[in-house]
Amino acid sequence: MKKLNQLFKRYWQLFSAAAVVLIIGLGVFGYSRSQVHAAAGRTRVVFWHEMKGPGQKKLVTFINEFNKSQSKYEVVPQFQGGYNDVIQKIMNTHGTDASPAIFQSMDISTSQMYHSGFTVPMQKFIDKENYDVSKIASVARGVATRNNTLLAMPFNTSQTTLYYNAGLLKKYNITPPPVNPTYSDITRVSKQLYDRSNHKVKGISVESYSWLFEQFLSNANEEFANKNDGHTGISTKVNFTGPTAIKSMTWVQDRVKYGDFMNFGSHKNEMAVFLSNKLGIYMQTSADMSVLAKGLGKNLGVTYYPRPDGVKANGISVGGASLWISNDKSEAVQKGAWEFTKFLINPKNQARWEKATGYLAINKDSANEPILKQSYEKLPMLKVPSDQLKSAKANYTNSGIFVDGVVAARSLIQNAMQQIYAGKDVYKSLKAAEDSYNKVLESNNLANGWTK
Amino acid sequence: MIESLPSTKQQPKGPEANQEITAKVKSFELKKNDKYYAWLFLGPSILLLTVFVFFPMLRTLYLSLFLTDTFGNPTVFVGLKNYAILLKSTSYIASLKATGTYVISVSIFTIIFGLLLAALANQKLRGIGFFRNIFTATMGVSVSVSAVFWLFMFNPSIGILNKVVTAFGFHPIAWLTTPGWAMTAVIATTVWMHLGFTFLLFFGALQAVPKSLYDAASVSGASSRYQFWHITLPMISPTMFFVAVITLISGFKSFGLIDLMTGGGPTNATNLLVYRVYKDAFMNGNYAQASTEAIFLTIIIAIITFVQFKLLAKRVNY
Amino acid sequence: MGIELKGITKTYDHSDKPVLSEVNAEVQDGELFVIVGPSGCGKSTLLRMVAGIIPISDGILKINGQVMNNVPPKDRNLSMVFQSYALYPFLSVADNVAFGLKARKMAAAEITQRVDDALKMVNLTQYRDRKPRELSGGQRQRVALARAIASDSKICLMDEPLSNLDAQLRVRMRSEIRELQRKLGLTLIYVTHDQTEAMTMADHVMVLHDQHVQQIDSPLGIYNHPANHFVAQFFGTPQINLLTATTSGQTATTKLIVDEFLQVELDAPIATGTYTVGIRPNQLGLKPVNGNEGNATVINVEALGDQTIIEAVMDNDVEIRIVKDGQVHIDLDQRVAVTALGPAFVFDENEALIAEQGGVKDDRIVAVN
Amino acid sequence: MENTIMKQATKKRLLGNTFKYLLLGILAFIVIFPFALGIWTSFLPSMDIAKGTLWGGGQLTLHNYVTAFTQTKILRYLLNSLVIATLVTLAHLFFCSLGAYAFVFLDFKYRDFFFYVVLGTMMLPFEAEVIPNFATVKMLGLLNHYSVMVIPFLTSAFGIFMLRQTFKQIPRDLKEAADVDGLSHWQFYWKVVMPYSKISLCTLAAYSFLGAWNQYLWPMLTTFSDHLRPVQDGLRQLQSEETFNDWGMVQASAAIVVVPTLIVLYIGQHYFKSGLNEGSVK
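Top to bottom, those sequences are chains L, W, C and P. Quick note on full-length UniProt numbering: the first sequence kicks off at 1 and runs consecutively. Quick note on full-length UniProt numbering: the second sequence kicks off at 1 and runs consecutively. Quick note on full-length UniProt numbering: the third sequence kicks off at 1 and runs consecutively. Quick note on full-length UniProt numbering: the fourth sequence kicks off at 1 and runs consecutively.
Think of the hints as simulated: they come from the structure by calculation, not from any bench. Built from N, CA and C at the ideal position, the CB exists for glycine as well. Do not take every clue at face value.
Said to hold, decoys possible - Capping the alpha-carbon separation at 25 Å, the derived lysine-lysine pairs in BS3-like fashion look like this:
| # | chain 1 | residue 1 | chain 2 | residue 2 |
| --- | --- | --- | --- | --- |
| 1 | L | K393 | L | K364 |
| 2 | C | K131 | W | K310 |
| 3 | L | K57 | P | K51 |
| 4 | L | K268 | W | K163 |
| 5 | P | K12 | W | K211 |
| 6 | L | K237 | L | K452 |
Stated by the list, open to error - To give an idea of the chain W side of the interface with chain P (calculated C-beta under 8 Å), a few residues:
| # | residue |
| --- | --- |
| 7 | Y37 |
| 8 | M57 |
| 9 | L117 |
| 10 | M139 |
| 11 | G140 |
| 12 | F168 |
| 13 | L206 |
| 14 | P210 |
| 15 | K211 |
For reference, chain L alone in the conformation it holds in the complex (with noise of 0.2 Å):
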């Protein structure tokens, strides 16, 4: 006992520096991990989203409703970042404290998730349940189906769409785009527009955006890989360079050389721009629905999105995300996802997260409710993605891309699309973006081993 105060006093300063980190370091470690901890007895069911904007908002808000429609769960909304940081971030955090226990993620990571092993398929509480899922739309579901099993549920649902600004088509006297246009309608739009305009007006602007280019090949029914993109099948090979492909590219690239096109670099941008009617057309996620209806009100125009000339439309496949369930959580907070899940997807709720966003209700009921009829029948283009949706009938080019890392494909034709639109020959840049792909897919197919 001496030797012991003797050995505290001679090094007490060690020991006071060593309790002093050893206090703050546990004070605040103890801190965070209460902030994380849900209220006394309820069981915390943390939820990983990539919702901004109006999304963002009202997703909140459904939180909200959700915590205090019960009292046995509390979901905790955690924002992610951009739809492609989650993939990964899904992969590295699966099994440590660190992971949701119910996440969004985007159509084109169905393949990886469903090859990750890390999610409970929806269908496993839908059959618990006996939850009739018939109501959620089968376009949709489509997306997140394999082998009849249900994996993900559909929740942010949308279409690429074709916007265009009906107002200043009214004032340069323009005959609006059809319902389901030709590229050639468009260019003629877009051309009458800059023209008239005394190129003060720009006609058209496509975002070098991957889904875009992925959905001109839906539309067509142009396979983007191998296998029926992949629905069959482990795909080996992309193909970027087939006749829709080419053509939906020198499309867009004629517009550039004419001069009606510009490439404003972000949907932010492109947004910002149309609403203040500097754009006459532009091509993006139903999402922007709400804030363009809010801001253009009537003059807003909304059609299908274009098809090449002579060739019948496909259809689109559904954008957005789905709800996914983690396996690596309780049965409990699993229970705690699904019951979110279902609150989600309601009838009346999806017909309010139309409203707010622009995506499509999935739920067939939501389009009795109210709210919806009442925004319908205020500004009827509203209704035109949904009545796009309506029009297709699924196959496999247009139910999403069933390919592992599509991630890294996206970027290379996002590069593709970028080099066109500065110039570079459409074919070249395209088969470049192609060929590196093969490789990537190649080693991740050897890596994985799913091929020798």
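Go by the hints and put chains W, C and P onto chain L.
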């Protein structure tokens, strides 16, 4: 202190001799104990550096020799194939070139502007303190804050820069979405961010030049311009070298600004090395390739750092 | 011709008190003019104003008859040697010497010639390719000299060039500089705080103190006729003794009395009153006395071999110093009688010299010559 | 003649000064402008900013700040950064000084070898090692936790190197005197070496704090919830969450973030300079 040592009390000799002997014994014991103290003192640092620096380096090297699966596990040994792929990849070469352009421009412009500011602030003028304070201001600005400030200026529709451009009758410029301009924008922002710090360094260096050197030069007939080139520059050359090295290294490590301003685009024009590593690993999930890129990055930075050590040891000018 | 200072005054922006005021002087062509004073007296400031490194607040500076006040230093055609030598650390010895010549765009061949000559003159030829940090203090000093030599200007300014050298080297460099100055026919303004340097080197000495010129004269002129307390104290080691003395009687008299033993007989009568008398240590006599007699007690004896310095404290508590040639044996605490031997200076209450006793001084000058 | 020379010189100086002031003014404007504009717009109503009317529009408002404080977690981000940076700074001071002490005052086998090992780590960029480091912290269960942003940075090769330089300046006599007085290594370290090197320690503290404060990539990879995100990544989050370009709020957040750093920097400026001289240029 000494009284408390039991050995002293047992010594029957006089107090002075007593102390001396104790000290000797003590110091001998200490030398023997050094080993344990060394473990105690250095152990934590060595352990941390091993776990978080050396091991990861080896692991990265190891990963770069494999293909990795969805979960980042090395599965198929491919030897140096990843390196070969990278060196043949036009986009990687383009990234290397972009990084080269970026780091070299950043260091050159940082040095030029930093020196210009410092030289001006070193003048004896009324109210110069005010300017000195302004010039150091950007030191407090972190990457994300700089990015926010400059993103607003580069905004194509409401940004101030395009207002200026259009006021002069030019077409508005898509600053961050045209390859050349995006690089320019990123360089400008980086230089601006470095400016305060560089200014401080150069200003300190200028102030450290003995005034008598200038007096001597002006008496012996040198104009102020001549003095700048023949006294100031040689005298502050170590600082210039130092600034060049740190801006080069931090340039190679640049990540935040790229992430916030351009995301590596457009057409990979600003897809700098670190951003690429991040993107390939944490977006595309291609850990093997990202590791290979990380090894290249390490080699480049290691070379620069090594050169820095060597040259600093020798000193640059005298 | 030469250099003419008329009412030169320096006031810095931030204060209204001048650091130098009303300096008047004339430096003749080819002379070595020493400006001496304690640190902070403004002597370096004065030199820098002549060089043009700092602007002149008031007054007129003429070099060779031309007003130079606003002429930049490079156009004044001077050379200068700094206390710190101001050698460019990144240049070799030869390049340091050539620096000014190159700045003036002299022809390469001539530069080489001049550098060679200058280095030869200061015996540094073999060190021409060394960097300053590879040289000793004395060698660096020579490089600075060589730089002044190499420039073709006939006016050279030196700012305490020897103060960073050790004592022996300083003595040697003193004569070397003097020699160089004569050989090259330089007009040299030399600033120092060291009265020995001033005494040994100068043709004329300017004593600066308290922002003012105290005296300008030849070295011996200053030693023999110090204009005031300060000058008297500044020159000569050990320091002059300053003692309070009063006149005897009610009328003007030639006799000043410090005490019973120590009395000074002046050349001319002086008004009654109290004065300060300055007597150099070697002009005091000292005689050991018994018991409590005499007027002082020895407190310290420094035997230097060829002379002995005795410190004593007078009965009025004033310490005095006495220098005796040869080796004097005297005990501490010995009572002594201190008397005046020869020359003495009388200062008034303003510390200015008002009278002196010639004593034997004129004879001594003659004897030296 | 005399007069013309004088006049010309005065005129030249006057002209030179005017030119210098002009240049100073322009450069100061360039340096301060992005700042000033950011702060200025943070006081404008969002509508004005969106329309691009930056001046002469409506009134100035604190609304953006209210939004930033109430609608976003900016304060939480700031607190997180403060905690992380403080912990890292304390750890650096402690571990780096101990390490440096060992290299200077202790005699042990392979001392030089270990020193080169430490020096060598300065050549390896952390950015290139994130992949295995991520795996490590995941294995240690540190993800989404303050400790993930602290533990890998508890020590710094630069800090050890810098303090070693400082400690080497401590006179050997002091150590010998301490030996005579019978001080143990720990006592000597704590009672002599640390107080003796106060300035260098402050310098290191300033560096470490700023370094930790500016961490970006690592927290971005390892934190997944807002209540743990440090301020740099918080701003990134705000920037990307806003599809609506609520520039006023974003600028206000940036202003809120920049003010504390500016204060720290103005206090720490002196140490930065001296640290640079010690750590590298010397």
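Tested hints:
no., hint, in the structure
1, K393/L / K364/L, "holds (16 Å)"
2, K131/C / K310/W, "holds (21 Å)"
3, K57/L / K51/P, "holds (23 Å)"
4, K268/L / K163/W, "holds (19 Å)"
5, K12/P / K211/W, "holds (22 Å)"
6, K237/L / K452/L, "holds (15 Å)"
7, Y37, "holds (5 Å)"
8, M57, "holds (6 Å)"
9, L117, "holds (6 Å)"
10, M139, "holds (5 Å)"
11, G140, "holds (4 Å)"
12, F168, "violated (17 Å)"
13, L206, "violated (12 Å)"
14, P210, "violated (16 Å)"
15, K211, "violated (19 Å)"
The structure is inconsistent with the numbered hints 12, 13, 14 and 15, although it conforms to all the rest.
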